[in-house]
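**Q** Chains as they are written, first to last, in the numbering used here: chain A, 1 to 336; chain B, 1 to 263.
A few of these clues could be false.
Here's a subset of chain B near chain A, in silico, CB distances under 10 Å, partners left out [what the hints assert, rightly or not]:
(1) SER64
(2) ILE75
(3) MET83
(4) ARG90
(5) PHE92
(6) ARG96
(7) LEU97
(8) GLY111
(9) PRO119
(10) LYS127
(11) ASN131
(12) LYS134
(13) GLU138
Under the rule of at most 20 Å between Cα atoms (straight-line distance), these lysine to aspartate or glutamate pairs were calculated in the DMTMM-like manner [as the list claims (entries may be wrong)]:
(14) LYS207(A) with GLU85(B)
(15) LYS74(B) with ASP29(B)
(16) LYS134(B) with GLU195(A)
(17) LYS6(A) with GLU133(B)
(18) LYS79(B) with GLU300(A)
(19) LYS309(A) with GLU100(B)
(20) LYS108(A) with ASP240(A)
(21) LYS139(B) with GLU150(B)
(22) LYS152(B) with GLU164(B)
(23) LYS156(B) with GLU146(A)
If you are wondering where the hints come from, they were derived from the structure by calculation, not from laboratory data.
No residue lacks a Cβ here, since even glycine has one placed at the ideal position from N, Cα and C.
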Amino acid sequence: MTRARKIYFLAIAAICIFGVYGSLYLQNLYLLRVAILAVITAILALSVDILVGYTGQISLGQAGFFGIGAYVMGILNTNFHLPFWISLVFAILFTGFVGFVLGLPTTKLKGHFLGIATMGFGVIVNGVLNNWTSVTGGPNGIRGIETPYFFSISLEYGNYFLGFALASLFVVILLIFLIVHSPIGRAWRCLRQDEITAYVAGINVYKYKLIAFMLSGGIAGYAGSLFAGYMTFISPETFDLNQSISLITTVIMGGSGTLLGPLLGTAILSFVNEWLRNFSELRLVIYGFILVTMITLLPEGIYPFFKRKILFFFTSKKKKRSIETEGSNGKDVVNE
Amino acid sequence: MERMSLMNKVIMSASNISVRFGGLWAVKDVNMEVETNQVHGVMGPNGAGKSTFLNVLSGLQQPSNGYLKISNQKIVKGKPWKMTELGLSRSFQTVRLLPEMSVLENVLVGGHLYASKNPLNILLRTKKYRNTEKVLTEKACDLLRMMGIEAKADQKITGLSLQERRRVEIARSLMTEPRILLLDEPCAGLNPHETDKIAQMILTIKSRGISVILVEHNVRMILSISDKILVLDHGRKIAEGSPTDITKDEGVIKAYLGGAAHA
C-alpha cells in the first residue's frame, strides 16, 4: 500500500516537472494563451471545489474573490507601485480576509439560502468594481499592471508564464491535498455529509466552514493576481456572475470533491469552448447542449465516473461480486 | 466508606430543564443527576419528551429554562461541540453515520478533538502530526475490535447491518473519550439476541468507568442493566429510582398500562 502510494506520488511529481518543462516548448501563441487562461481557471476551479466539493457549501460568488484578488494586485501595483510579489501576498491575505468576513454570516446558512447569499456577494463585488471609479477605474478597468520577474526571468514571455502558472497550480494541488487528507479535511467531509454528526464528534462546524471560506477565497485571490499579472489589464466584466456560474459548472461536471475532477473539467471545457469558435453563432447553443448532455449522462462528474469504471475493470471477479451485493444491501437500509 | 463516596460522585446534573415548543411543554422542570460508574436509564411512553430531554443534554436543543452542570461547570446555552469537549457524547436513534466514508474513517471522525489541527503540522507532515494520526488510528482500531467489527474496518457503511452500524456509532462516540455516553434507543429495530449483545456491551462500557445515560423502549432490557431510572410522561418526571422501585411505582404503572391499573 505504502509502496504503491510512493510510486503514485513519484509519477505525479514527474508529470508536474515534465508539465512545467514542456510548457517552455509550446510554440503556438494562440494555444499558449488558451493554456495559460485554462491553468488560471483550474486554480479557480480548485478553490470552488474546496467549498462545493469538500465542504458542501455552494458558492455562486467565486468571481467576487477572483475579482478582488485581481484588483488588489492591480491597485497596489499601479497606484502604489508595490512590486508584483508583495502585491501578491497582500492580494492573497486580503481575499482570505474577505472570505472570512463573508463566512461570518453565511456559515449559518444552508442550501439555496447560501447560494443566494454568495451570489449576492459576487454581484456586490462586481457593482463596486464598476462604480467605485476613483479606486477601481470603473468600467475602464486598470491598465499597465506589471508582469512579474521570477528571479530575473521575465514572465512576459508566454512560455515562462505558463511554466510559472503550472507550477503554482501544482503547489495549490499539493496544498489542498495535504489539507484534505488531514483532520481538517475529515471535519469538512463530515460536516458536508451530516452536520449533526459533526456536532457530536466535537467539530465546531462554523469554524471549519470559515476556514474553508478563507482558504477558498485566498486561492481564488491568488488566481486573480495571476490573471492580472498575465493580462496586465483588468476590467469588471471578467468578474461577473457568468464567471461564477461557469466555474461551478466546471467543478460539478469534472467531479466535485475530487482533486482531478475540476482539473479535468477545466481542461475539457476550456478547449471545447475554444474549438466551438468555429461555429460562430451556434457556439453557445452547442456549448449548452454539451453541458446538458454531460450532466444528464454523468451526474456524478466525469472523473469519478471514469475512475469507477477503470477501477471496476481491474478488480477481480470475486471482489466484483462482493461489491455488487454490498451495493444492493446499501439500497435496502439506506433510507433513514 | 470514603472510597464509596468517591465512586459515586455526581458528574452531571440537569436542573429544572424545560423546553417549550409553542404552547406545549415538551419537557417541564426535569431534574436529573448522573453519577460516575452508573447506567442511568430514561424511560417513558411515546411522546414523553425523552428525545427532547436527550437533545438538551447533548446541546442540540436549547432549553427554555434550566441549566446543566458538568463537573461543576454550569452550562446555560450549550453548543453541541462544547458538550463533546466537556466529555459528553451521544448516539442517535436513527443511526447517523457518514455514508461516503469507511467504517474506520467514521470512527476517526470522533477523534477530532485529539487530532493535530495545527496548519503548520498538517502542511509539513511533521513527526508530531504523523504520530497523533497513528495513535488515533490505533485507538479507532482498538474500539472497533472491542465492538467486534474490526474485520469491516475498510468497508463502506452501506454494506453494514443495522446492528453493526449501531456499533460503529458507539465506537465513534467512545472515540471522543467521553465521561458520559448518551445512548438513544440503541436497541430499536434489533432482535432479542442482538439486544442482549448490546446490553452486554453497555455493561462493558460502564466497566471502563464511563457513565451511560440510556434511553430505551425495551423495558426488560432497561430494567435489567440500569442502576437508576428516570421515568418521564408528558414531559414531566413521574418517578425516579432503582429498577425495583420503578416497577412498583403507581404512576409508572398508570402511565404504561393506562387507567387505574392495579398490578
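**Q** Check whether the Cα positions of LYS108(A) and ASP240(A) lie no farther apart than 20 Å.
**A** violated, 25 Å
**Q** Measuring from the C-beta of ARG90(B) to each C-beta in chain A, is the shortest one below 10 Å?
**A** Status holds, d = 6 Å.
**Q** If you draw a straight line from the CA of LYS6(A) to the CA of GLU133(B), is it 20 Å or shorter?
**A** holds, 19 Å
**Q** Per the CB criterion, is LYS127(B) less than 10 Å away from chain A?
**A** violated, 15 Å
**Q** Please verify whether LYS207(A) and GLU85(B) have alpha carbons no more than 20 Å apart.
**A** Holds - the C-alpha atoms of GLU85(B) and LYS207(A) are around 15 Å apart, at most 20 Å.
**Q** Taking only the CA atoms, is the gap from LYS79(B) to GLU300(A) under or equal to 20 Å?
**A** Given pair LYS79(B), GLU300(A) is violated - Cα atoms ~35 Å apart, limit 20 Å.
**Q** Against chain A, is PHE92(B) within 10 Å by beta-carbon distance?
**A** Since the shortest Cβ distance to chain A is 8 Å, the answer is holds.
**Q** Going by Cβ atoms only, is ILE75(B) closer than 10 Å to chain A?
**A** violated, 15 Å
**Q** Please verify that hint: MET83(B), Cβ, nearest Cβ of chain A, below 10 Å or not.
**A** Given a least distance of 8 Å, the restraint on MET83(B) holds.
**Q** How about LEU97(B): closest beta carbon in chain A under 10 Å, or not?
**A** holds, 7 Å
**Q** Was the hint right that LYS134(B) lines chain A, CB cutoff 10 Å?
**A** Violated, about 13 Å.
**Q** Was the hint right that PRO119(B) lines chain A, CB cutoff 10 Å?
**A** holds, 8 Å
When each numbered hint is compared with the structure, violations occur for hints 1, 2, 10, 11, 12, 13, 16, 18, 20, 23.
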